[in-house]
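> Just need the whole structure built from these sequences, with the hints factored in.
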Amino acid sequence: MSEERVGFFTDTSVCIGCKACEVACKEWNAIPEDGLSLTGMSYDNTQALGASTWRHVAFIEQPTPEGRTQLPLAEGDSGADSGMRWLMSSDVCKHCTHAACLDVCPTGSLFRTEFGTVVVQEDICNGCGYCVPACPYGVIEQRPADGRAFKCTMCYDRLGVGQEPACAKACPTESIQFGPLDELRERAALRVDQLHETGVTEAHLYGDDPEDGVGGDGAFFLLLDKPEVYGLPPDPVVTTRDLPTMWKHAGAAALSLLGGVALSFALAGKGRR
Amino acid sequence: MVPRAEFESYYGRPVIKAPAWAARDIAGYFFLGGLAGAGSVLAAGAHLTGRGTTATAMKVSSLAAVSLSAAALINDLGRPDRFANMLRVFKPTSPMSVGSWLLSLYGPTAGAAAASAVTGRLPRVGAAATGAAAFLGPAVAAYTGVLAADTAVPAWHGAHRELPHLFTASATAAAAGMALVVGPTCENAPARWAGGLAALAETAVTEAAERRLGTVAETYREGRAGVLLRTARALTVAGALGGAVLGGRCRAGAALSGLALLTGSACTRFGIFAAGIASAEDPRYTVVPQRERVERRQQGAGASGA
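Chains as they are written, first to last, in numbering that gives the first Met the number 0: chain A, 0 to 272; chain B, 0 to 305.
By construction, these hints were calculated from the structure, which means they are not laboratory data.
Any given hint could be a false lead.
As the list claims (entries may be wrong) - Restricting the straight-line Cα-Cα distance to at most 35 Å, the calculated cross-link-like pairs of lysine-lysine (DSBU-like) are: (1) A:K25 <-> A:K225; (2) A:K247 <-> B:K90; (3) A:K225 <-> A:K168; (4) B:K90 <-> A:K25; (5) A:K168 <-> A:K25.
Structure, rendered in structure tokens:
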């Protein structure tokens with residue numbers, strides 16, 4: 000990594016669900032249209048991250064579950080309880096420290112950039128699709144008509160000329176913050192403290208811990224409920240962490256196959272039937 | 000019946016993405032690659048012990064199976080014209096990279112072994128190729144278990160210790176089945192033993208995998224995967240027993256038992272494939288085990304803090 004590692008801190012407590020990030024991302028990266036449908040999932044007609052959706056705003060609109068405080072949205076908001084809650088969160092590729100998609104890519108198409116981000120080289124990808132089930136977050140996907148795998152590049156082209164990614168640039172509330180990862184982690188910790196002081200005890204960071212199953216995310220979040228409520232895995236682990244164990248078992252299995260067949264020949268006896 | 004664990008999700012949508020692989024191509028490859036790899040070991044054994052007809056037939060079978068494997072793998076690529084990019088780098092962290100290199104070594108040796116056996120030319124080269132194919136074959140049969148397990152798919156990754164063993168056992172059953180189908184009864188005793196041992200191993204390893212998987216093991220028992228895996232077990236056990244009882248005496252009995260073993264192995268691979276897809280498509284199997292892990296950790300931290 001020749002440059003400082005950069006990332007996203009997405010503070011969902013100030014997301015207003017405007018989807019400017021989704022639009023800016025589509026526009027800047029010239030991502031094709033991938034279906035216009037009404038889902039019935041609140042204002043979320045985007046549904047999920049995918050080959051042609053690199054930012055996805057999740058909308059959770061539901062009766063407030065018991066024991067959870069309302070987020071004070073504005074100064075003087077008494078939090079008059081409507082009995083409903085709104086959670087909005089702009090999801091994105093996590094640019095994992097230990098990225099399974101990159102590890103399992105057989106062609107070297109996926110690589111780690113000088114900014115510490117994970118990017119697909121589209122001139123090399125042969126559409127084997129191995130990265131798709133490897134990702135513990137369900138981010139990367141093959142575009143059906145194209146065959147190759149696509150995902151967020153953290154606007155690699157913009158980073159190269161000192162610009163921030165399109166989604167962060169477009170975000171009107173600074174819910175999406177871009178910067179050096181170390182700085183973002185400090186800022187995020189302060190924000191959590193601030194929210195805890197105002198009584199939002201549910202506020203917590205997701206993906207900020209370098210000790211977690213993926214070595215920490217390059218794009219991490221401040222969430223107001225459990226990760227799975229937002230469609231995020233509660234305890235993601237990079238699958239290749241267990242690869243040495245798997246190779247050992249494969250070695251043992253291969254030897255058992257040889258041994259088992261040798262035993263079969265021994266039991267059958269040479270030349271007899 | 001144990002009540003299903005409560006869990007939260009985002010509108011019931013999957014957390015991870017299931018692979019877009021076609022079952023025919025990839026589960027088909029798991030079967031064919033296993034048949035080829037384990038078949039090369041049986042071929043070498045038959046070659047060494049003077050079971051000439053079986054040896055030649057198994058070498059041809061392995062060549063055919065590995066050729067079809069390569070075709071299936073290339074067909075499944077989103078960009079088949081770029082298949083050569085598979086050999087652009089060697090990456091031990093990518094089972095698919097390791098497998099591509101393995102196949103590119105194994106394929107030619109299996110081809111040389113078969114060509115020499117059929118034509119009778121270059122017998123020493125043929126013998127060397129037979130040995131090399133028997134050495135590489137088990138690796139070809141075993142690595143596909145790692146290929147599936149090295150993903151975030153709960154039904155595959157959760158059984159990452161068992162899957163390579165399950166796949167080699169299934170491969171051995173398939174190869175033994177092929178040997179029973181193509182070999183004369185006077186030569187098929189080793190195949191009958193191998194079929195029996197493979198059926199035992201496959202049954203034991205499947206049990207172990209399901210125990211390990213806990214709630215995710217539902218995906219091995221329900222739906223399409225459940226039907227396939229139950230069929231696989233019935234056919235594999237029937238084929239192994241049929242081979243043991245009839246295989247040495249009756250040509251038709253041997254062939255039928257062999258077909259049962261072959262079909263059983265194919266059902267195992269398609270069943271495991273289907274279980275993986277089902278486990279990826281239901282957020283329950285991603286969220287519940289991870290949530291349980293988090294809670295165990297929190298309890299552990301709470302206990303040590305107290």
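> For each hint, tell me whether it holds in the structure or not.
Now the hints, each set against the structure:
1. About 28 Å separates the Cα atoms of K25 (chain A) and K225 (chain A), which keeps this hinted pair within 35 Å; it holds.
2. Straight-line distance between C-alpha atoms of K247 (chain A) and K90 (chain B) comes to about 17 Å, which keeps the hinted pair within the 35 Å bound.
3. At roughly 28 Å between alpha-carbon atoms, K225 (chain A) and K168 (chain A) fall within 35 Å of each other, so this suggested pair holds.
4. At roughly 33 Å between alpha-carbon atoms, K90 (chain B) and K25 (chain A) fall within 35 Å of each other, so this suggested pair holds.
5. Straight-line distance between C-alpha atoms of K168 (chain A) and K25 (chain A) comes to about 13 Å, which keeps the hinted pair within the 35 Å bound.
Taken one by one, the earlier hints all hold for this structure without exception.
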